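*Asks:* Residue-level listing of the chains:
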Amino acid sequence: MSKDKEENSDLECWDIETKKKMGGVCLIPERCKGCGFCIEFCPVGALETSDKTTEKGYHPPEMTEGCILCGKCEKICPEFSIYLKEEDE
Amino acid sequence: MMKAGTHFLDGNTASAEGAIAAGCTFFAGYPITPASEILERIANRFPELHGSYLQMEDELASITAILGASWAGRKAMTATSGPGFSLMMESYGLGLMTETPCVIVNVMRGGPSTGLPTKVAQGDVNQTRWGTHGDVGVVVYVPSSPQEMFDMTIQAFNTAEKYRLPVVVLSDEMVAHMTEKVEIPEKDEIEIVDRKKPRDPPEEFLPFCPDEDLVPPMANAGEGYSVHVTGLTHDEEGHPSVDEETQNMLVTRLIDKIRKNADDILEYDEYKTEDAKKVIVAYGSVYRAAIEAVDMAREKGYKVGLLRPKTIWPFPEERIYDLAREGVDSFLVAEINFGQIVFEVERCTAGAAQTYLAPKMGGSIHTPEDILERIEAIEEGEIPQFKE
Amino acid sequence: MSIRKSRDLFSPDYMDQKPAKGAAYGKHPLDGYLRKDRIPHIWCPGCGLGVILNSYLRALKDTDIAPEDTAVISGIGCSGRAAGYVDVDSFHVTHGRAIPFATGLKVGNRDLVTTVFSGDGDLFAIGGNHFIHAARRNVDFNVICVNNFNYGMTGGQAGPTTPSEAETSTTPWGGFEQPFNLPAVAAGAGAVYVARWTTFHVEQLINSLEKALKKKGFCFIEVLSPCPTGYGRKVGLKTGVKTMNHFKENSEIDHDADLADVALDPDDPNSKIIVGDFIDREAPTYQDVRGKVFEEARKKLGVE
Chain W
0 MSKDKEENSD LECWDIETKK KMGGVCLIPE RCKGCGFCIE FCPVGALETS DKTTEKGYHP
60 PEMTEGCILC GKCEKICPEF SIYLKEEDE
Chain F
0 MMKAGTHFLD GNTASAEGAI AAGCTFFAGY PITPASEILE RIANRFPELH GSYLQMEDEL
60 ASITAILGAS WAGRKAMTAT SGPGFSLMME SYGLGLMTET PCVIVNVMRG GPSTGLPTKV
120 AQGDVNQTRW GTHGDVGVVV YVPSSPQEMF DMTIQAFNTA EKYRLPVVVL SDEMVAHMTE
180 KVEIPEKDEI EIVDRKKPRD PPEEFLPFCP DEDLVPPMAN AGEGYSVHVT GLTHDEEGHP
240 SVDEETQNML VTRLIDKIRK NADDILEYDE YKTEDAKKVI VAYGSVYRAA IEAVDMAREK
300 GYKVGLLRPK TIWPFPEERI YDLAREGVDS FLVAEINFGQ IVFEVERCTA GAAQTYLAPK
360 MGGSIHTPED ILERIEAIEE GEIPQFKE
Chain S
0 MSIRKSRDLF SPDYMDQKPA KGAAYGKHPL DGYLRKDRIP HIWCPGCGLG VILNSYLRAL
60 KDTDIAPEDT AVISGIGCSG RAAGYVDVDS FHVTHGRAIP FATGLKVGNR DLVTTVFSGD
120 GDLFAIGGNH FIHAARRNVD FNVICVNNFN YGMTGGQAGP TTPSEAETST TPWGGFEQPF
180 NLPAVAAGAG AVYVARWTTF HVEQLINSLE KALKKKGFCF IEVLSPCPTG YGRKVGLKTG
240 VKTMNHFKEN SEIDHDADLA DVALDPDDPN SKIIVGDFID REAPTYQDVR GKVFEEARKK
300 LGVE
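Chains as they are written, first to last, in numbering that gives the first Met the number 0: chain W, 0 to 88; chain F, 0 to 387; chain S, 0 to 303.
With the rest of the complex left out, here is chain W (with noise of 0.2 Å):
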């Protein structure tokens, strides 16, 4: 799993391999407040509460093992921060 940050815009993705398919999970931090939820509610706790601090001074999540690129983060998320990477971003 690698992670790549986006030159020109301020987006961090994660580049997911599953058994299944091949996928990512991104996050535009700028938008993120903390919530919270999509690391509460990830049906495989792939997501933890990251030391860093976006601009705002919110902890975002950060991609650690075992995402199953479920989009349930995606769905929960109330900022549109994460999300999951269509397949050819």
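For the record, the hints were derived by calculation from the structure and aren't laboratory data.
Bear in mind the structure is a predicted one, so any value in this text is a computation, not a measurement.
One should not assume that every hint holds.
Here's a subset of chain F near chain S, in silico, CB distances under 8 Å, partners left out [said to hold, decoys possible]:
no.: 1; residue: A27
no.: 2; residue: P30
no.: 3; residue: E56
no.: 4; residue: I65
no.: 5; residue: L66
no.: 6; residue: W70
no.: 7; residue: E89
no.: 8; residue: S90
no.: 9; residue: P116
no.: 10; residue: P216
no.: 11; residue: A220
no.: 12; residue: K259
no.: 13; residue: A261
All C-beta atoms in this analysis are idealised placements derived from N, C-alpha and C, irrespective of residue type, glycine included.
Given chain W's structure and the hints, the job is docking chains F and S onto it.
*Replies:* Just chains F and S now, with coordinates in the frame of chain W:
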């Protein structure tokens, strides 16, 4: 539209037919004496015209529904009387703030409160000007006959569409319930004004950026402009922008939109004011008695004239100011309330003439004799000036 | 003060400034439905409104209803701001009047897929009379009621759905009113689709919203939502996550529940929260019925 020609109609019916002639295809209302006949006429006539008549649960819903319909592209109207008009104040303000064209007919009856539901009065005049909270620019027509209920309802729609705001037709129970001859012109003889449409493509269109006439073009819902409309102070993109600078820019424009175009909107009649020493100011149903009183007074040698506002807002300020400096000694305001327009008249004379009031508390209109007596009493100095 | 100041919004030097807000706009799959520089929105961390807006936009996208055929209307309150974020024809109207506005808009243009997105206070206190009549008429639009049990925007006052024991800024000594059972009110008034979910049930909420968007008639969805700032902190649900877990632990899905039994037990905040698709029936809409009556009238009048 009703067949052209001479008809015999009551004021309310004439107003409904005026709306239809103006292209109104949406009406939402709530029954209230003495305006219900407007609802009934519309409900009867709309099916054949493919119009939408909605009987709402209250006046709050009625006024708000016509704002919604206007944003759906319809010419929309509601009708009510004092109690309902009071309930409409907040959404009347929403319509003014969001520049939503529509027409509100208010048929005045005795107030305050339930008052005299079936009797004439003119106690809502200032409410049409100051009834909603905040500073606004308003347009209010005051018909004096069933013919004017027809004509002014059309005029109200045209002004509403041209300047993008809710326009009030301020009638009263007398004018609404009297039946008189009403001339209905051919369809193509009636001037119809439609709202300005955007000239820019959606991605560049600023829904609240005005043209030189201070009126922004209007994109309706469903036309792909994804307009945002809010009662919050908003910038020219229509987005909420709750700061003093935006407020200053927006509200000043909403007021100037009417004030700076007042000459185009303002309408009033004059009768025998050329050599008048005393000018009666009367509007709505009282105008009919006042014009009679002028002739009676003239027969008695009093040089009396009449100024009749047809729009009460904007008010004929300059004309009164000028008359007061062109030989008119005093104004006599005859209105069926305890003094509302009299304040405007007094303000506009700016001290150059005296101002007197012929009040009536509601239930009936002044008779010509009432007004004549008032004139004579003033001549004998028995009546104090309104100011004392 | 130049009237046309904003024209230079599109001058070159403005265009290439990165918008202060709405960073990395266009990356999130739903950004196409969001207004460019309005994100991040104003709702508090842990508030459920963003989740519900997310679900609504996802449902909109999944039903591929064209944005230009879509309209969102909000009243006043935290939820009232929802209309300001959706990149469709959206209207932020007076308090309690989203529903009559929607009625006017929908009857004015029946092609608009219209959704009212408002709160428990706006829809059931000041707007209650309009809600029951629109439901009675079965006007064809959807109502999403964000029920966070209080007036959040104005600082956490009690509202028509506040559990009666709860302490709020206007019930500092505890409440004393019986809250509404919203699904029962909606069904009783005539809504043809009635569902209740919480912001924890995002999958089911998205399905419910899709059903409502496609269904004809007055569709009502109550969504229980955390409000840590206004309500939660005073009743032991200090954070959004705590409230979400409260929903998770106390919810029970029962689509066939008797609506009389789905009241949220006012005296026991830990009582069962029954959620589900309670009612899904067919009934002619307000415009269908009126259309027939008017057609008959035209026939009688011998008019096209």
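*Asks:* For the restraint on F/P116, tell me whether the closest CB of chain S is nearer than 8 Å.
*Replies:* violated (22 Å)
*Asks:* Please verify that hint: F/A261, Cβ, nearest Cβ of chain S, below 8 Å or not.
*Replies:* Nearest chain S Cβ about 18 Å off; hint violated.
*Asks:* Does the closest beta carbon of chain S sit nearer than 8 Å to the beta carbon of F/E56?
*Replies:* Check passed: Cβ of F/E56 comes within 4 Å of chain S, closer than 8 Å.
*Asks:* Report holds or violated for the interface hint on F/A220, using the least CB-CB distance to chain S and a cut-off of 8 Å.
*Replies:* Hint on F/A220: holds, closest Cβ of chain S at ~4 Å, below 8 Å.
*Asks:* Less than 8 Å between beta-carbons is the criterion; does F/I65 satisfy it with respect to chain S?
*Replies:* holds (6 Å)
*Asks:* Quick check on the hint: F/K259 CB to chain S CB, less than 8 Å?
*Replies:* Since the shortest Cβ distance to chain S is 11 Å, the answer is violated.
*Asks:* Restraint: F/A27 near chain S, CB-CB cut 8 Å. Satisfied or not?
*Replies:* Holds - the Cβ of F/A27 comes within 8 Å of chain S, reaching about 6 Å at its closest.
*Asks:* Would you check whether F/E89 satisfies its interface hint, that is, whether its CB is within less than 8 Å of any CB in chain S?
*Replies:* holds (5 Å)
*Asks:* Minimum Cβ distance from F/P216 to chain S below 8 Å?
*Replies:* Hint on F/P216: violated, closest Cβ of chain S at ~14 Å, above 8 Å.
*Asks:* Hint F/W70 vs chain S: min CB-CB distance below 8 Å?
*Replies:* holds (6 Å)
*Asks:* Would the hint on F/S90 be counted as holding, given a Cβ-Cβ threshold of 8 Å to chain S?
*Replies:* It holds, given that the least Cβ distance between F/S90 and chain S is near 5 Å, below 8 Å.
*Asks:* Could you check if F/L66 really has its C-beta closer than 8 Å to a C-beta on chain S?
*Replies:* holds (6 Å)
In this structure, the hints that do not hold are numbers 2, 9, 10, 12 and 13, in rising order.
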